[in-house]
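Asker: Since the structure of chain C is already known, use the hints to place chain A on it.
Here is how the chains run, residue by residue.
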Amino acid sequence: MNITRKKFEHYSDAELLTGYRANRDKKIIGELYNRYGHLVMGTCLNYMKNKNDAEDIVMEIFMTLGEKIVKHDINYFKSWLFILTKNSCLMVLRKKKHTDIQLNEEIVAQEDEIEEKVIKEIKLTELEAAIEELDPPQDEAIKLFYIQQLSYKEVSEKLNLTLNKVKSAIQNGKRNLKIKLKEHDLFKSA
Amino acid sequence: MIFLNLLNRIFGPKKALSRQEIEDYKAGTGNTHDIESKAAGSDFNDQALEGWKSTSSSVNDGMWATDNKMNQFVNNGSAGGASTKGMTLSFVLFTLTMLTLIIFTYQGNSAVDKNPQIVEKIKDESSRSEEIDFYTAISPEKQITSNELIKNQETKSTESQLPKAAVNKKLKAETTPQKTEVEKEEIQLPIQSSGKIPNSSKSNLVYKDAQEVFLSDLKNVDYRAYRNRPIKVRNTLDVGIPASQSSKEEKQEFPSLQMVEITYIDYLTTSSEFFSQGQYKTALKHYLTILDTYPDDVNANFYGGLCYFNLGQFDQATELLRKSYTLGYGNFREEARWFTAKALVEQNHTIKARYLLGEIVKEGGFYSDNAEELLNEIKR
Chain C
1 MNITRKKFEH YSDAELLTGY RANRDKKIIG ELYNRYGHLV MGTCLNYMKN KNDAEDIVME
61 IFMTLGEKIV KHDINYFKSW LFILTKNSCL MVLRKKKHTD IQLNEEIVAQ EDEIEEKVIK
121 EIKLTELEAA IEELDPPQDE AIKLFYIQQL SYKEVSEKLN LTLNKVKSAI QNGKRNLKIK
181 LKEHDLFKSA
Chain A
1001 MIFLNLLNRI FGPKKALSRQ EIEDYKAGTG NTHDIESKAA GSDFNDQALE GWKSTSSSVN
1061 DGMWATDNKM NQFVNNGSAG GASTKGMTLS FVLFTLTMLT LIIFTYQGNS AVDKNPQIVE
1121 KIKDESSRSE EIDFYTAISP EKQITSNELI KNQETKSTES QLPKAAVNKK LKAETTPQKT
1181 EVEKEEIQLP IQSSGKIPNS SKSNLVYKDA QEVFLSDLKN VDYRAYRNRP IKVRNTLDVG
1241 IPASQSSKEE KQEFPSLQMV EITYIDYLTT SSEFFSQGQY KTALKHYLTI LDTYPDDVNA
1301 NFYGGLCYFN LGQFDQATEL LRKSYTLGYG NFREEARWFT AKALVEQNHT IKARYLLGEI
1361 VKEGGFYSDN AEELLNEIKR
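Quick note, the sequences are listed as chains C and A, same order.
Counting in the working numbering, the first sequence runs from 1 upward without gaps.
Counting in the working numbering, the second sequence runs from 1001 upward without gaps.
It is worth saying that the hints were derived from the structure and are not from the lab.
None of the values given here were measured: they were computed from a predicted structure.
Where is the CB? At the ideal position from N, CA and C, for every residue including glycine.
It is possible that part of the hints are untrue.
What the hints assert, rightly or not - Capping the alpha-carbon separation at 16 Å, the derived lysine to aspartate or glutamate pairs in EDC-like fashion look like this:
{"#": "1", "chain 1": "C", "residue 1": "LYS51", "chain 2": "A", "residue 2": "GLU1050"}
{"#": "2", "chain 1": "C", "residue 1": "LYS26", "chain 2": "A", "residue 2": "ASP1067"}
{"#": "3", "chain 1": "C", "residue 1": "LYS143", "chain 2": "A", "residue 2": "GLU1359"}
{"#": "4", "chain 1": "A", "residue 1": "LYS1015", "chain 2": "C", "residue 2": "GLU128"}
{"#": "5", "chain 1": "C", "residue 1": "LYS153", "chain 2": "A", "residue 2": "ASP1067"}
{"#": "6", "chain 1": "A", "residue 1": "LYS1015", "chain 2": "C", "residue 2": "ASP13"}
{"#": "7", "chain 1": "A", "residue 1": "LYS1323", "chain 2": "C", "residue 2": "ASP53"}
{"#": "8", "chain 1": "A", "residue 1": "LYS1014", "chain 2": "C", "residue 2": "GLU128"}
{"#": "9", "chain 1": "C", "residue 1": "LYS49", "chain 2": "A", "residue 2": "GLU1050"}
{"#": "10", "chain 1": "C", "residue 1": "LYS51", "chain 2": "A", "residue 2": "ASP1067"}
{"#": "11", "chain 1": "C", "residue 1": "LYS158", "chain 2": "A", "residue 2": "GLU1363"}
{"#": "12", "chain 1": "C", "residue 1": "LYS27", "chain 2": "A", "residue 2": "ASP1067"}
{"#": "13", "chain 1": "A", "residue 1": "LYS1379", "chain 2": "C", "residue 2": "GLU128"}
Claimed, not checked - To give an idea of the chain A side of the interface with chain C (calculated C-beta under 10 Å), a few residues:
{"#": "14", "residue": "PHE1011"}
{"#": "15", "residue": "HIS1033"}
{"#": "16", "residue": "ALA1040"}
{"#": "17", "residue": "LEU1049"}
{"#": "18", "residue": "SER1057"}
{"#": "19", "residue": "ASP1067"}
{"#": "20", "residue": "LYS1069"}
{"#": "21", "residue": "LEU1327"}
{"#": "22", "residue": "ILE1351"}
Okay, chain C solo, but in the shape it has when bound (with noise of 0.2 Å):
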């Protein structure tokens, strides 16, 4: 699937909306494609675990993209896809079950939009402050994975964590870290 790479590879997602939106040019599905086919392929095969049912929703997904993006307004497209895929799966995975409940694809979480927020210049000594103030092991764990830059495995070896307990560590440790942040007015808007 390399074929519209050459032509659109520098084009931001948003470019890449606004020129399917003028031109209809099914090469930019195509490298929307390239850019996140994978990303929704692993999404669909964790949450079916069967690959036929996962293909089935990523042409599903792409062959429809071309009208949604047409009648929908995207901000952050890559967010906005997670979601549908989500979505298709969920929707998939309960027609499974006979249930009739309908999920809207328009749910659009913000998660990943607000790390996009323009981020405040602090003194390094607030951020230290911040992360000492941390409950353990969230506090040692978003130490050794960001300033240490271990890898999970290593992380979970030195804290004697199982690597699930390691990940939520540092989601959640990220989490509070921002909670503390912003209580010191330390992020601002975009």
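Answerer: Only chain A this time, still in chain C's reference frame:
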């Protein structure tokens, strides 16, 4: 400003994981931390990584069917359904027929087959080389020279406790003949690989030292038994054609694109010579060429990192130094951590430097005094 980097690392937007990164992660190669960091920063990356981890097939194999369908969708405007199956079959048959034809028609014309790949590679290499030529060396008193490294190696061995010193002496005594052995016996080297490198599993956090070999008096990990792939370099003025290949009278249509293969140890020896002569740009190009073939090579990562340091490219220096020690190959760990700390200080990354220096002091190794001194200096 200096903290912005760390903040961005924790909260900044994360790029989508590529197929190669997922593949590397599954295979246990590549930069695990970077991949996990991308996963920790984006649910999409995280879920996708989990999904791929749960399957035994490679990413490219797993994507093969959808790649083909998307190809058709993009180019023909249709995909799926019964008619597509027929089309897929025809497409596969057509591709196979064409491939067979190409193989039989162009079997002997190696220049035409290989040329595009080589041109691409050369383009990459030459732009990298041009970039390196553009670097300016930092002031000589700040440079990490081979003399400093050799002096530290010697001091380290004399400072060690008596039994350890005896072992070191023995090692040194062993390494001297080994050095000549390298020069003399390089052709008869029993280069073989079972594919599994000893001590490569990360069962605990004890860093083990692998066997060493001294090239231009510089410490290197002795990888000879595990490096059976030769280093491929372009036949330029700084690299001669090995005698074993000089008899080949093959007519080269593109002489400037000719690639020569040099054994790992030969290439490493030349690289060490350049480093010890202070030719950091040339040495760096050599070490990066080694990393093209062996990305996890601790020798090339360590000395390449030092070259970057001496050329004032501290970001790249810390990146390579970080990869220059693993649990199974901890030979450069002390040095790498100390020089990383120095690079961080040079970049004014005070918090990271303080953290690392604190760790070095805590460990009480060879560089702990220097680290303490530097720590006090940056605290002032």
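Asker: Are the hints correct? Go through all of them and say.
Answerer: Hints, one by one, checked against the model:
1. Under the criterion of a C-alpha separation no larger than 16 Å, the hint pairing LYS51/C with GLU1050/A is consistent with the structure, at around 14 Å.
2. With a CA separation close to 14 Å, the supplied pair LYS26/C and ASP1067/A stays within the 16 Å bound.
3. Between LYS143/C and GLU1359/A, the direct Cα distance comes to roughly 12 Å. Compliance with the 16 Å bound is thereby established for this hinted pair.
4. Taken as a hint, the LYS1015/A and GLU128/C pair is broken in the structure, with Cα atoms around 26 Å apart against an allowance of 16 Å.
5. A threshold of 16 Å between alpha carbons decides the hint, and for LYS153/C with ASP1067/A the separation of about 33 Å lies outside it, so the pair is violated.
6. For the hint linking LYS1015/A to ASP13/C, the alpha-carbon distance of about 12 Å falls within 16 Å, and the restraint holds.
7. Simply put, LYS1323/A and ASP53/C have alpha-carbon atoms about 39 Å apart, too far for the 16 Å limit, and the pair is violated.
8. Between LYS1014/A and GLU128/C the alpha-carbon distance is near 22 Å, which puts this suggested pair outside the 16 Å criterion.
9. For the hint pairing LYS49/C with GLU1050/A, the CA-to-CA distance comes to about 11 Å; that is within 16 Å, so the pair holds.
10. Distance restraint check for LYS51/C and ASP1067/A: the Cα-Cα separation of roughly 14 Å lies within the 16 Å cut-off, and the hinted pair is therefore satisfied.
11. Under the criterion of a C-alpha separation no larger than 16 Å, the hint pairing LYS158/C with GLU1363/A is consistent with the structure, at around 15 Å.
12. In summary, the hint linking LYS27/C to ASP1067/A is supported, as the alpha carbons are separated by about 13 Å, within the 16 Å threshold.
13. With a C-alpha separation of about 15 Å, the suggested pairing of LYS1379/A with GLU128/C holds against the 16 Å cut-off.
14. A hinted interface residue such as PHE1011/A counts as satisfied when its beta carbon comes closer than 10 Å to some beta carbon of chain C; here the least separation is about 6 Å, so the hint holds.
15. Because the beta carbon of HIS1033/A sits about 5 Å from the nearest beta carbon in chain C, less than 10 Å, this interface hint is met.
16. Proximity of ALA1040/A to chain C holds as hinted, the smallest CB-CB distance being about 6 Å (cut-off 10 Å).
17. Because the smallest distance between the Cβ of LEU1049/A and any Cβ of chain C comes to about 6 Å, under 10 Å, the interface hint for this residue holds.
18. Given hint, SER1057/A at the interface with chain C, holds; its Cβ is 8 Å from that chain's nearest Cβ, closer than 10 Å.
19. Hint status for ASP1067/A relative to chain C: holds, with the closest Cβ pair at about 5 Å, below 10 Å.
20. Contact between LYS1069/A and chain C, as hinted, is supported at the beta carbon level, the nearest pair being about 6 Å apart and thus within 10 Å.
21. Look at LEU1327/A: its Cβ gets to within about 9 Å of chain C, closer than 10 Å, so that hint holds up.
22. At about 5 Å, the closest approach between the beta carbon of ILE1351/A and any beta carbon in chain C falls short of 10 Å, and the interface hint on this residue holds.
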